[in-house]
Amino acid sequence: MKRGFDLSYLTEEWRKVLELTLDHLQLTLLAIGLALVIAAPLGIAAARYRWLTFPVLGMLGALYTVPSLAFLVFLIPSLGIGREPTLVALVVYAQIFVVRNIVAGLQGVDAPTLEAAAGIGMTAWQVFRRVRLPLALPVILAGVRTALTTTIGLATLAAAIDAGGLGTLLFDGIARAYNAMILAGAIAIAALAIAIDLVMRLLERLTPLARAERARSG
Amino acid sequence: MTFTVAASQFVVLLGPSGCGKTTLLKLVNRLYEPTSGTIAINGIDTRSLPAPALRRRIGYVIQQTGLFPHMRVGENVAVVPRLVGWDKRRTAARVDELLELVGLPAEEYRRRYPAQLSGGQQQRVGLARALAAEPSTLLMDEPFGALDAITRGRLQDELRHIHGLLGQTVIFVTHDVEEAVRLADRIVVMRDGRIVQDDTPLRILSHPADDFVRDLVGASDVLRRLSLIPVHQAIRSGIPDAADRCPPVTASQNLRTALNLLLDCGAPRLVVVDADARPIGTLDLEAIQQAATVDVASDSPIVPPDIAPTRR
Numbered sequence: 001m002k003r004g005f006d007l008s009y010l011t012e013e014w015r016k017v018l019e020l021t022l023d024h025l026q027l028t029l030l031a032i033g034l035a036l037v038i039a040a041p042l043g044i045a046a047a048r049y050r051w052l053t054f055p056v057l058g059m060l061g062a063l064y065t066v067p068s069l070a071f072l073v074f075l076i077p078s079l080g081i082g083r084e085p086t087l088v089a090l091v092v093y094a095q096i097f098v099v100r101n102i103v104a105g106l107q108g109v110d111a112p113t114l115e116a117a118a119g120i121g122m123t124a125w126q127v128f129r130r131v132r133l134p135l136a137l138p139v140i141l142a143g144v145r146t147a148l149t150t151t152i153g154l155a156t157l158a159a160a161i162d163a164g165g166l167g168t169l170l171f172d173g174i175a176r177a178y179n180a181m182i183l184a185g186a187i188a189i190a191a192l193a194i195a196i197d198l199v200m201r202l203l204e205r206l207t208p209l210a211r212a213e214r215a216r217s218g
Numbered sequence: 219m220t221f222t223v224a225a226s227q228f229v230v231l232l233g234p235s236g237c238g239k240t241t242l243l244k245l246v247n248r249l250y251e252p253t254s255g256t257i258a259i260n261g262i263d264t265r266s267l268p269a270p271a272l273r274r275r276i277g278y279v280i281q282q283t284g285l286f287p288h289m290r291v292g293e294n295v296a297v298v299p300r301l302v303g304w305d306k307r308r309t310a311a312r313v314d315e316l317l318e319l320v321g322l323p324a325e326e327y328r329r330r331y332p333a334q335l336s337g338g339q340q341q342r343v344g345l346a347r348a349l350a351a352e353p354s355t356l357l358m359d360e361p362f363g364a365l366d367a368i369t370r371g372r373l374q375d376e377l378r379h380i381h382g383l384l385g386q387t388v389i390f391v392t393h394d395v396e397e398a399v400r401l402a403d404r405i406v407v408m409r410d411g412r413i414v415q416d417d418t419p420l421r422i423l424s425h426p427a428d429d430f431v432r433d434l435v436g437a438s439d440v441l442r443r444l445s446l447i448p449v450h451q452a453i454r455s456g457i458p459d460a461a462d463r464c465p466p467v468t469a470s471q472n473l474r475t476a477l478n479l480l481l482d483c484g485a486p487r488l489v490v491v492d493a494d495a496r497p498i499g500t501l502d503l504e505a506i507q508q509a510a511t512v513d514v515a516s517d518s519p520i521v522p523p524d525i526a527p528t529r530r
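Heads up: the sequence lines are chains A and B, in that order.
1 is the number of the first residue of the first sequence in the working numbering; add one for each residue after it.
219 is the number of the first residue of the second sequence in the working numbering; add one for each residue after it.
Keep in mind the hints are simulated off the structure, nothing from the lab.
Built from N, CA and C at the ideal position, the CB exists for glycine as well.
You may find that some hints are simply not true.
The calculated SDA-like cross-link candidates involving lysine to any residue, where the alpha carbons are at most 20 angstroms apart (straight line), are [as the list claims (entries may be wrong)]:
id, chain 1, residue 1, chain 2, residue 2
1, B, Lys244, A, Thr123
2, B, Lys244, B, Asp263
3, B, Lys306, B, Glu352
4, B, Lys306, B, Gly292
5, B, Lys244, B, Thr264
6, B, Lys244, A, Glu115
7, B, Lys306, A, Arg130
8, B, Lys244, A, Lys16
9, B, Lys244, B, Thr256
10, B, Lys244, A, Val37
11, B, Lys244, A, Thr113
12, B, Lys244, A, Ala111
13, B, Lys244, A, Phe171
14, A, Lys16, A, Phe171
15, B, Lys244, B, Ala224
What follows is a list of derived Cβ distance ranges for each label pair [claimed, not checked]:
id, chain 1, residue 1, chain 2, residue 2, range
16, A, Pro55, B, Ser235, 35 to 41 angstroms
17, A, Leu133, B, Phe221, 36 to 42 angstroms
18, A, Leu203, B, Gly236, 43 to 49 angstroms
19, A, Thr123, B, Ile368, 36 to 42 angstroms
20, A, Leu203, B, Pro323, 33 to 39 angstroms
21, A, Thr65, B, Pro323, 53 to 59 angstroms
22, A, Val199, B, Met219, 58 to 64 angstroms
23, B, Ala311, A, Leu52, 44 to 50 angstroms
24, A, Asp110, B, Pro465, 48 to 54 angstroms
25, A, Trp51, B, Asp305, 41 to 47 angstroms
26, A, Gly33, B, Met219, 54 to 60 angstroms
27, B, Gly236, A, Trp51, 56 to 62 angstroms
28, A, Leu52, B, Met219, 35 to 41 angstroms
Where chain B lies over chain A, by a calculated footprint (3+ residues, C-beta under 8 angstroms) [as the list claims (entries may be wrong)]:
id, stretch
29, 128 to 138
30, 206 to 213
Based on the sequences and whatever the hints tell you, model everything.
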């Protein structure tokens, strides 16, 4: 068994690595997409009704402290193995990041600005759509970014219950004591996480508020 | 409480913090809903139409500017015209017109963001935004409260000038007596949610309703009172043949300015001229003294006559 930085698997089996990377990305994006569908109404409600803020964030925070592998195993009796239990777990874990930042973003908008918006004649929906949401967007996107990178890491565990992704390289590599395979998996996961992080940071820079802030300093 | 604001009148709600002046203002545009009673604008109950529709007809300016930081200056001013469905061309023309009116050349400022402007400039944009959709009424909640004294004074003068041009009905909230005296056609003094006095600035200064008003407005401050009396009310007939050392004073200027001039140049009297710089009389210390102590008649003009006609 070779030790050290053996990149042979990465260079020779790059097609396989690429395929697993895309699979991993697909799983991640699907999970975050589903997570957003749930987190958006939950976050908006938790921001709007202050009595909901603490219980909702507390519950999601508590869920996040459950060890992920234990959670996956816990889901096996009801959902079996494969993609479905993995998606459930990833969606649950992503909630805290997305909901927390939706709440922080929406509640963080300056009150006089909102009152001015209503005061000059915007309807409640227009205030939300044209003022509150765009001003909260950078914070919300930062939450999505954190959720994405965390999910990329967590999705590695999916391989443990046969749901594919780059975790396959790690688990198979460990089982076969095949260091080059483990290294290829680790590098691909890190590269994917960094790439997604960069894309999200770029998106954050494109929000109207970020443009305005750049204009001031630039 | 009951009170009525005449069209095109500039009314200042004056009182200490917590007296209810902002509450009263927000009741007008229904940011607060009245639990009882009625508020009508042009005879129409404010509750007879949806709050957003009502508010689009009422300009609203607040101290914190309330500008939308993610929108450019032009977009901020265009918000209400867009809400009421103006087309792009009309909106764009109006935005430029208003930015010029408030002293921000459109070419230079339209594409900036609020954070790129000074506090005074931001408040100018706030005023332009409030005026954009041609409201008949303007509500202003301590709009200049956060500005330095020089900027505040300049904006007060310009607001007065713009009011003269456009003639909106203005309800303006402040706790600053100097500001109230400078701007108002009429001052409503409030305390603990009640109106304690409702009159012209000059009469509030010369006849405060009680000790509270007297202390609040500094009624013993003769100079403040003089600033509200035009020179022509103290004018003496007769024109001195010998030219004085002092520059002349215009009949429409106030007695505070005239007194300042008189003391500054040390002459016994000033020549008073009309708007066309023709001498029409003189002014001396005794005349100023008399004007300051004279009982103010209820119908006395509080606006210099050569400014009044420009207001609708």
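>> Check whether the Cα positions of B:Lys244 and A:Thr113 lie no farther apart than 20 angstroms.
In response: holds (15 angstroms)
> For the stretch 128 to 138 of chain A, does the count of residues with a C-beta closer than 8 angstroms to a C-beta of chain B reach 3?
Replying inline: holds (count 4)
> Between B:Lys306 and B:Glu352, is the straight-line Cα distance small enough, at 20 angstroms or below?
Replying inline: Holds, because 16 angstroms separates the two Cα atoms, which is no more than 20 angstroms.
> Are the Cα positions of A:Lys16 and A:Phe171 separated by 20 angstroms at most?
Replying inline: At roughly 15 angstroms apart (the allowed maximum being 20 angstroms), A:Phe171 and A:Lys16 satisfy the hint.
>> Under 8 angstroms between beta-carbons, do enough residues of the stretch 206 to 213 of chain A, three at least, approach chain B for the coverage claim to hold?
In response: holds (count 6)
>> Checking one constraint from the list: CA of B:Lys244 to CA of A:Val37, max 20 angstroms. Satisfied?
In response: Violated, because 37 angstroms separates the two Cα atoms, which is more than 20 angstroms.
>> Checking one constraint from the list: CA of B:Lys244 to CA of B:Thr264, max 20 angstroms. Satisfied?
In response: OK: B:Lys244 and B:Thr264 at ~12 angstroms, within 20 angstroms.
> Using the C-beta atoms of A:Leu52 and B:Met219, is the stated range 35 to 41 angstroms upheld?
Replying inline: Roughly 39 angstroms apart at Cβ, these two residues keep to the hinted range, so it holds.
>> Please check whether A:Pro55 and B:Ser235 have a Cβ separation lying inside 35 to 41 angstroms.
In response: The hint (35 to 41 angstroms, Cβ to Cβ) holds, given that A:Pro55 and B:Ser235 are roughly 36 angstroms apart.
>> I want to verify a distance hint. Is the separation of the beta carbons of B:Ala311 and A:Leu52 within 44 to 50 angstroms?
In response: Holds: the Cβ-Cβ distance is about 46 angstroms, inside 44 to 50 angstroms.
>> B:Lys306 and B:Gly292 were given as a pair; does the straight-line alpha-carbon distance stay at or below 20 angstroms?
In response: holds (12 angstroms)
>> For a C-alpha distance cap of 20 angstroms, please report whether B:Lys244 and A:Phe171 respect it.
In response: Given pair B:Lys244, A:Phe171 is violated - Cα atoms ~65 angstroms apart, limit 20 angstroms.
In summary, the numbered hints that this structure violates are 8, 10, 13 and 27.
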